[in-house]
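J.: Each chain, written out:
Protein chains: 2
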Amino acid sequence: MKGSKELLSELLAPVAPGMERMRAILAAQVDERSAAVRDMTHHVARFQGKQLRGALVLLTGEATGNTTDEHAAVAAIVEMIHLATLVHDDILDGAEVRRRVACVNQRWDNQIAVLLGDFLYARAFALSTQLSSRLCSRLLAETTRTLCVGEIEQSTRRYDFEMSRADYESIAAAKTASLYAAACELGARYPGGNQELGARMAEAGRNLGLAFQIIDDCLDLTAREEELGKSVGTDVEDGKVTLPVLLTYQAADEGVRAAMRDVYTRPELLDRRAALLAVCDVGRGVAQAQARAQELVLSAQRSVTDLPPSEARRSLESVFAFVLSRSQ
Amino acid sequence: MKGSKELLSELLAPVAPGMERMRAILAAQVDERSAAVRDMTHHVARFQGKQLRGALVLLTGEATGNTTDEHAAVAAIVEMIHLATLVHDDILDGAEVRRRVACVNQRWDNQIAVLLGDFLYARAFALSTQLSSRLCSRLLAETTRTLCVGEIEQSTRRYDFEMSRADYESIAAAKTASLYAAACELGARYPGGNQELGARMAEAGRNLGLAFQIIDDCLDLTAREEELGKSVGTDVEDGKVTLPVLLTYQAADEGVRAAMRDVYTRPELLDRRAALLAVCDVGRGVAQAQARAQELVLSAQRSVTDLPPSEARRSLESVFAFVLSRSQ
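These protein sequence lines map, in sequence, to chains A and B.
In this text, residue positions in the first sequence follow the working numbering: the first is 1, and each later residue adds one.
In this text, residue positions in the second sequence follow the working numbering: the first is 1, and each later residue adds one.
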């Protein structure tokens with residue numbers, strides 16, 4: 001929704017100049033000499049979206065009084081890694097619409113989507129090796145590994161209705177929250193300083209990222225495609241048992257459970273999400289999942305209340321809350 | 001062939017202890033805590049093959065008197081990047097057999113192959129950030145970018161019989177030879193030393209890598225699957241106009257040319273390579289391509305003749321020649 005994008009842009013006012021620099025660095029990085037590559041990176045750059053992860057680098061930097069000349073580059077690197085995961089996710093999810101732009105693997109093919117994602121990862125790492133401190137390279141290489149492990153773990157738990165909430169959160173922490181954690185830690189610590197503060201901000205980022213993923217899962221289950229601006233129902237299509245579904249399943253009787261499993265697995269079912277919503281009432285599961293996301297956002301906010309009062313800290317707290325209200 | 005693998009192992013005798021250490025590091029790196037990931041990395045580790053790129057790091061290190069305690073780790077990182085490209089190549093090429101082990105995207109699916117390749121890249125970069133010098137991270141991040149650009153450029157030139165030999169070599173230099181160049185440069189320079197010597201060894205590696213790719217292309221066109229130990233004819237299937245095909249095409253009359261183009265593009269042709277070999281005589285094109293590979297190997301050998309005489313230098317020269325004789 002235009003509304004929520006404008007709201008976020010207002011919240012990010014304290015780091016607006018940093019965001020501008022970050023975008024300029026991103027634009028320069030994807031401007032590869034090869035015309036074939038340039039055509040693709042320019043296309044993919046339109047996926048950018050909210051650039052929340054990059055914003056977190058800048059906001060935590062400001063809020064902790066740790067901002068350096070290199071923070072905008074660190075933010076750009078975090079965004080490039082996120083962009084690479086989106087490009088590779090399109091192969092994973094078979095998503096058909098992402099932010100109303102045809103996604104890479106439809107305009108080109110799987111081959112190109114793989115290579116383009118690899119290119120973006122490599123670009124991100126290459127830029128990180130040019131910074132004055134190695135912390136960014138180290139933290140983001142580890143984070144990328146964690147992201148992949150989380151995605152692989154998730155793929156092995158498809159169609160698994162016996163998963164616990166802890167299993168779900170452990171996977172979401174790895175595949176999504178780890179990059180939020182790294183963004184906040186880098187903001188607070190880069191180029192090397194205060195490890196304790198870095199760990200506290202990482203914790204805030206992790207809780208925020210987990211909340212973000214839970215809200216994402218709720219939207220995929222309940223939002224309308226034209227409002228969300230990307231495909232909905234992809235989790236059900238892909239066999240992912242997300243938190244709202246899991247909580248619904250756990251509270252259901254065996255008849256409903258069997259119907260839910262059937263909807264996930266019956267061959268050639270056209271709209272699995274519609275079928276799922278027809279065989280069970282996800283309302284309570286969604287509400288419980290949203291409550292959990294709210295709890296996580298409160299934890300994230302508590303992690304920053306000790307920081308000295310500043311416009312950036314207030315903005316950080318509002319951005320945390322924003323994640324709960326987003327409709328896209 | 002077992003024969004050529006044994007021959008290579010003899011040639012690598014001067015760096016046998018380094019190769020052992022490299023393998024131990026590789027084994028430790030792919031031994032991820034996640035059981036799901038470990039199962040996959042152990043499977044993919046069987047692709048390893050000749051480990052020629054890792055060997056080049058060690059051999060150029062020895063031959064230039066530049067060996068450090070970290071060379072085995074650098075070699076392992078180079079091999080992990082190579083392994084990541086192989087895993088992602090399997091998505092690209094639809095190769096059905098690689099070294100007689102079912103390839104990743106058949107045992108699992110495209111999703112997993114993408115993630116596993118990403119995981120290996122991330123592991124490689126993470127390890128490189130632990131080394132005492134940043135040279136390895138810097139050079140290999142740039143090289144990975146170059147690899148991707150080369151692959152993307154190649155994919156845009158599919159079915160392009162109007163390509164010049166220079167176009168072909170420029171793509172092969174990027175997608176294949178760049179990692180050979182980086183391996184040799186790192187061997188001679190890591191952790192930072194002699195840039196001039198590093199550039200000379202990079203040039204040797206680039207020529208060798210180009211020769212390797214040309215021989216690979218000839219084998220894909222002419223070898224038998226059971227001898228090569230991996231799928232053959234994949235280049236023709238994928239629309240890649242390789243050097244032996246290009247040289248054959250350039251020397252052919254228009255009737256044969258039309259038949260060649262038809263074989264590449266006619267829908268639902270079952271064995272395109274057999275059809276191609278039936279409509280034209282690739283013998284001269286293959287011989288010319290092999291001659292070009294020989295020329296490149298001689299250039300590579302000339303780059304090392306100035307190095308002080310040593311067992312490692314002789315081994316390096318023999319490994320260069322080995323590339324021409326390989327049948328797998």
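If you're looking for bench data, these hints aren't it; they were derived computationally from the structure.
Any given hint could turn out to be false.
Selected chain B positions facing chain A (Cβ under 8 Å, derived; list incomplete) [to be verified]:
id : residue
1  : Cys148
2  : Ser155
3  : Ala251
Note that CB positions come from ideal geometry on N, CA and C, so glycine has one too.
J.: Next, verify each hint and record whether it holds.
T.: Results for each hint:
no. : hint   : result
1   : Cys148 : holds, 4 Å
2   : Ser155 : holds, 6 Å
3   : Ala251 : violated, 28 Å
Of the numbered hints given earlier, the model fails hint 3 alone.
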